[in-house]
Amino acid sequence: MHSSLWLSLLLILPLLGAALAGLVRARANASYRVGVAVASLETVLALVVAVLYRSNVPGAGTFDFMGRWVLAAPFGLAYDVALDGISLLMVVLTALVVLVALFGARDTRREGAFVAWLLLLTSFTMGSFLAHDLLEFFIFFELTLVPAYFIVSQWGAAQRARAALKFFVFTFTGSAFLFVGLLYLGLAHQHQTGGALTFSYSALQSTAMSSSTATWLFVAFAIAFAVKSPIWPLHTWSPLAYAEAPTAGSIELSALLAKLGSYGLLRFAVGLLPLAQVHVRPVMLTLAVIGIVYGSALATTTPDLKRLVAYSSLAQMGFITLGVMTGSKIAMVGAVLLMFNHGVITAGFFLIIGFMERRRGVGVSIRDLSGWQGPAPVLAGLFTVVMMASIGLPGLSGFVSEYLILIGAFATHAWWAVVGALGVVLAALYLLWAYQRVFHGRTSEPIEDATTSERWALVPIVALIVVLGVFPRPVLDRISPSVQQVIEHVAPAGVSK
Amino acid sequence: MPSIDYLAILPALVLLGASVLTLMLSALLRHSLSARVATSLSVLAGLVVLATSVAQWVDVARHGASSTIDHAVVLDGFSVVATGVIGVSLVMASLIAHDWLVRGPVSASHFYTLSLAASAGALVMVQANDLVVIFLGLEILSIGLYVLAALDRHRSASAEAALKYFLLGGFASAIFIYGAALVYGATGTTNLSAIGYFLAGNVLLAPGLLVAGGALLLVGFAFKVAAVPFHLWSPDVYEGAPTPVTGFMASVVKVGAFAALLRVLVSALSSQLTTWRPIIWVLVALSTLVGASMALVQRNVKRMLAYSSINHAGFILLGVWAGTVRGSAGALFYLMTYAPVVLASFGVLALVGGARDDSHDIDRFRGLARRQPVLGAALAVLLLSQLGVPLTTGFYAKYGVLLAAVDAGGGPIALIALIGAAIAAYFYLRWVLALYAEEPIETDRVSVGRASGLAIALGVVATLLFGLWPGPLAALAQHATLLFHP
Chain U
1 MHSSLWLSLL LILPLLGAAL AGLVRARANA SYRVGVAVAS LETVLALVVA
51 VLYRSNVPGA GTFDFMGRWV LAAPFGLAYD VALDGISLLM VVLTALVVLV
101 ALFGARDTRR EGAFVAWLLL LTSFTMGSFL AHDLLEFFIF FELTLVPAYF
151 IVSQWGAAQR ARAALKFFVF TFTGSAFLFV GLLYLGLAHQ HQTGGALTFS
201 YSALQSTAMS SSTATWLFVA FAIAFAVKSP IWPLHTWSPL AYAEAPTAGS
251 IELSALLAKL GSYGLLRFAV GLLPLAQVHV RPVMLTLAVI GIVYGSALAT
301 TTPDLKRLVA YSSLAQMGFI TLGVMTGSKI AMVGAVLLMF NHGVITAGFF
351 LIIGFMERRR GVGVSIRDLS GWQGPAPVLA GLFTVVMMAS IGLPGLSGFV
401 SEYLILIGAF ATHAWWAVVG ALGVVLAALY LLWAYQRVFH GRTSEPIEDA
451 TTSERWALVP IVALIVVLGV FPRPVLDRIS PSVQQVIEHV APAGVSK
Chain B
498 MPSIDYLAIL PALVLLGASV LTLMLSALLR HSLSARVATS LSVLAGLVVL
548 ATSVAQWVDV ARHGASSTID HAVVLDGFSV VATGVIGVSL VMASLIAHDW
598 LVRGPVSASH FYTLSLAASA GALVMVQAND LVVIFLGLEI LSIGLYVLAA
648 LDRHRSASAE AALKYFLLGG FASAIFIYGA ALVYGATGTT NLSAIGYFLA
698 GNVLLAPGLL VAGGALLLVG FAFKVAAVPF HLWSPDVYEG APTPVTGFMA
748 SVVKVGAFAA LLRVLVSALS SQLTTWRPII WVLVALSTLV GASMALVQRN
798 VKRMLAYSSI NHAGFILLGV WAGTVRGSAG ALFYLMTYAP VVLASFGVLA
848 LVGGARDDSH DIDRFRGLAR RQPVLGAALA VLLLSQLGVP LTTGFYAKYG
898 VLLAAVDAGG GPIALIALIG AAIAAYFYLR WVLALYAEEP IETDRVSVGR
948 ASGLAIALGV VATLLFGLWP GPLAALAQHA TLLFHP
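Residue numbers (our numbering), protein chains in the order written: chain U, 1 to 497; chain B, 498 to 983.
Honestly, I wouldn't trust all of these hints.
To be verified - Which residues of chain B face chain U? A few of them, derived with a C-beta cut under 10 Å, are: (1) Ile506; (2) Ala922; (3) Pro967.
To be verified - Here chain U is said to cover these stretches of chain B; the calculated rule only asks that three of the stretch's residues, wherever they fall, bring their Cβ under 8 Å from a Cβ of chain U: (4) 625-634; (5) 884-895; (6) 905-918.
As the list claims (entries may be wrong) - Listing some non-contacts, in silico: residues in chain U with all C-beta distances to chain B over 12 Å: (7) Leu16; (8) Leu47; (9) Glu136; (10) Gln154; (11) Phe179; (12) His191; (13) Ser206; (14) Gly374.
No lab work stands behind these hints, which were simulated from the structure alone. As the structure is a computational prediction, the values presented were derived from the model and not from experiment. Beta carbons are placed, not taken as given, at the ideal position from N, Cα and C, and that holds for glycine.
With the hints as extra help, turn the sequences into a complete structure.
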């Protein structure tokens, strides 16, 4: 097993970077350089961890880099980190997306504070994905709210105050259910073992409970994660927040924080409460499918590009939930892959919309635009690649994950898969239609094409979209054992393979 | 003549002595006592209390809990830690009051004579093991506070607050002592341990007297801690009283009242758990929800913090509701961490309030963090701590009582309290948002005195330090509760 120091480094590096960026904020560009340097270093570190990761450490399942220190025994509070194939993918995504957001969506207004908040958010997000302890996960999960709140409320568009407040209060309320649920679970475990209070993931997995208790706990957990993801009908904060946030904020919210929801659903709700599966599965699948159709339908009607991506994200999160909840291994692997791909694709979308806002001012409405393809062919081309990936064109990354989810879901829950597949058709409809209106036609305005730095910002995104579309094997190989482990834990409770 | 363990009552003696000393000095000296000397004396007294509590802790850890003066006063882990909290609160309150006393029209010796005596009353409540002694402490505390609330003679609101507090507080005291009389009638004793012993060994065939007495005691306590529906005085009094006095109320009074409440319920009435639990349940639900909701519509920040402290009282009551070791430890941990934070918050309010201590509109805070980043950030941290964000002590405070409540089978009430916290988040964040607003209203810079600055820094450092590493405090609270006098 590798040392947990690697993971601690992933956590601490952005914290130090945030402090440094705050300290040098008086000097022009200094904090920006700190931010990019730290984010680059973080990405390198994440890739090193990805290469080092071994999925077959004896006695630890598919977890590697484990380490646990108790911080406050009466509270059962511990610092406990570990990494498996699922969190590995999320860690790489986090590092990469932050780097891209910093580089491509630079915000020069009070830059020191902006970079500091962004790096803090990175650290807390890392912490949530690395936590191998339910309480620790919850703490990081809650902590991400603070930097996200400040980023939206300080650097957002006209309605930023309302958007930030709505985002915070919705998520905070959702977390209340998770909080009570996790306390109940930890205490139930303590009463069974008679030992010390602990929220360690591996310990809680062995908690015995009745299927109705498990169902109630699942509902409590799922409310928190459904708000965060968002899953219909608890999504109502998201279009406003995504639209009002600054570009980097939208990227963080949709590409990373949303994944905390689906990651939590997979790891903690499904992973810790196998007995709930039988009861909640039909409900969760139905909500997921409604989300797919509803999100797609609204994306078709909205004239605001950021909201369009927000609603399309709702649909995509529906696909992820579908994959997580079916209980088939193929669909679950696809869901984890889609978490990653959706992060990359939606980061690409918001980056390009950010570039358009630089040219046209905040609040890009589809109705006001036309003919961008002529003066800005490179921008149009980049948008096309991201869009096609989102639609699910074979050969690009989105196809692989959606295909896996639908084929896995069809085998076990055919009707839900059939309705869900509508989402693929609708995605083509709303995205191509939007593309037509924005990029086709004529325009008399002089529009600058993508600048060199803008192109560079999108290079990693386009590269990942193409590479994972053609050759997803290395990633799938890392996810599969960990998903297999979750399934094996859940399976005895009557889950089909 | 009962034997007296002087170590046990030393803290209260120190504070009473300091109070009398301040009074004598102001009477005997030709010039009025300077604020600097008076504050130093009060801070010193607070530090001595803290040091004494350390000595007491060593004693209790070695010899176990004991009682003295005919079992009317106890020395146990719980009382020792609460004593330490009162000592720290007194130090911080004195530091905050200093800058106000320097520039204000109020005589420093008056203020400290009263606040030291009131703190001594709180200490008596913390250690009391007899309903009559609790009443004694309660009255020493309250009478001091009635006058303290009226101290700012240049604002009519101050006198109004004092009158309201006095009238309603007088009723509450009367109700409390009537409750004590009924409990005496039912059990034949006012000693808490003896009541507990009696109720454990006897079955009351007609428990009406005991139930009525217990209910009246609860009403008295609920008034002191400002739990809904006995909270109506608190917004007016918090708003009208001088800001440092308000800070004192929100910390020292809460510690004293909650410590006594816990002792009455856990030590004397633990066998009646099923009777008093539903009452506390209602108090928790109402306090957390009403406190948070009413705070939403306030524009005066002192009223806002009054409702916020009602919300916090609801959370502390959640630990009381549990009625277990874990619950008492949670409530104690809450008090340990809440007192410095709320005092530091009122420290900032006292500074922003200006020389006349009358500008407490939330608009006064607009852009504060832009003009004065350090002061603004400090207040933001304190507010986020009260909200219960992780990495601050506020999170673990809520965590402790929620853990206890869920453990005692109170999942629904825990959830209700958390919904209250979510509502409260709304107005804390609105305030933080105002702090960082871009269009500051043109106002003068807030001058930060050294004493207030120190107190605020103490509060911020404590909440962040123990928010990062709550281990020592959590262990202390747990040990303290395990060393509870039976």
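Quick rundown of the hints versus the structure:
Given hint, B/Ile506 at the interface with chain U, is violated; its Cβ is 30 Å from that chain's nearest Cβ, farther than 10 Å. Interface hint status for B/Ala922: upheld, as the beta-carbon distance to the closest one in chain U is roughly 5 Å, under 10 Å. Nearest Cβ of chain U to the Cβ of B/Pro967: about 5 Å, under the 10 Å cut. The hint holds. Interface restraint, the stretch 625-634 of chain B with chain U: violated (0 residues with C-beta to C-beta distance below 8 Å; minimum three).
With 5 residues carrying a beta carbon less than 8 Å from a beta carbon of chain U, the stretch 884-895 of chain B meets the three-residue requirement, and the given coverage holds. Coverage of the stretch 905-918 of chain B by chain U holds in this model, with 6 residues showing a Cβ closer than 8 Å to a Cβ of that chain against a need of three. U/Leu16, annotated as away from the interface, keeps every beta carbon of chain B farther than 12 Å; the closest lies near 15 Å. With a cut of 12 Å on Cβ distances, U/Leu47 stays outside the contact zone with chain B, its closest approach being about 29 Å.
With a closest Cβ-Cβ approach of about 10 Å to chain B, U/Glu136 is found to fall inside the 12 Å limit, against its non-interface label. Its closest Cβ contact with chain B, about 6 Å, brings U/Gln154 to no more than 12 Å, contrary to its assignment away from the interface. Distance check on U/Phe179: its Cβ comes as close as 6 Å (rounded) to a Cβ of chain B, failing to clear the 12 Å threshold; non-interface status is violated. Not every CB of chain B is more than 12 Å from the CB of U/His191 (nearest about 9 Å), against its label as outside the interface.
For U/Ser206, the non-interface assignment is confirmed: its Cβ lies about 20 Å from the closest Cβ of chain B, beyond the 12 Å cut-off. The claim that U/Gly374 is not at the interface with chain B holds, since no C-beta of that chain comes within 12 Å of its own (minimum 38 Å).
Comparing the model with each earlier hint shows violations of hints 1, 4, 9, 10, 11, 12; every other hint is respected.
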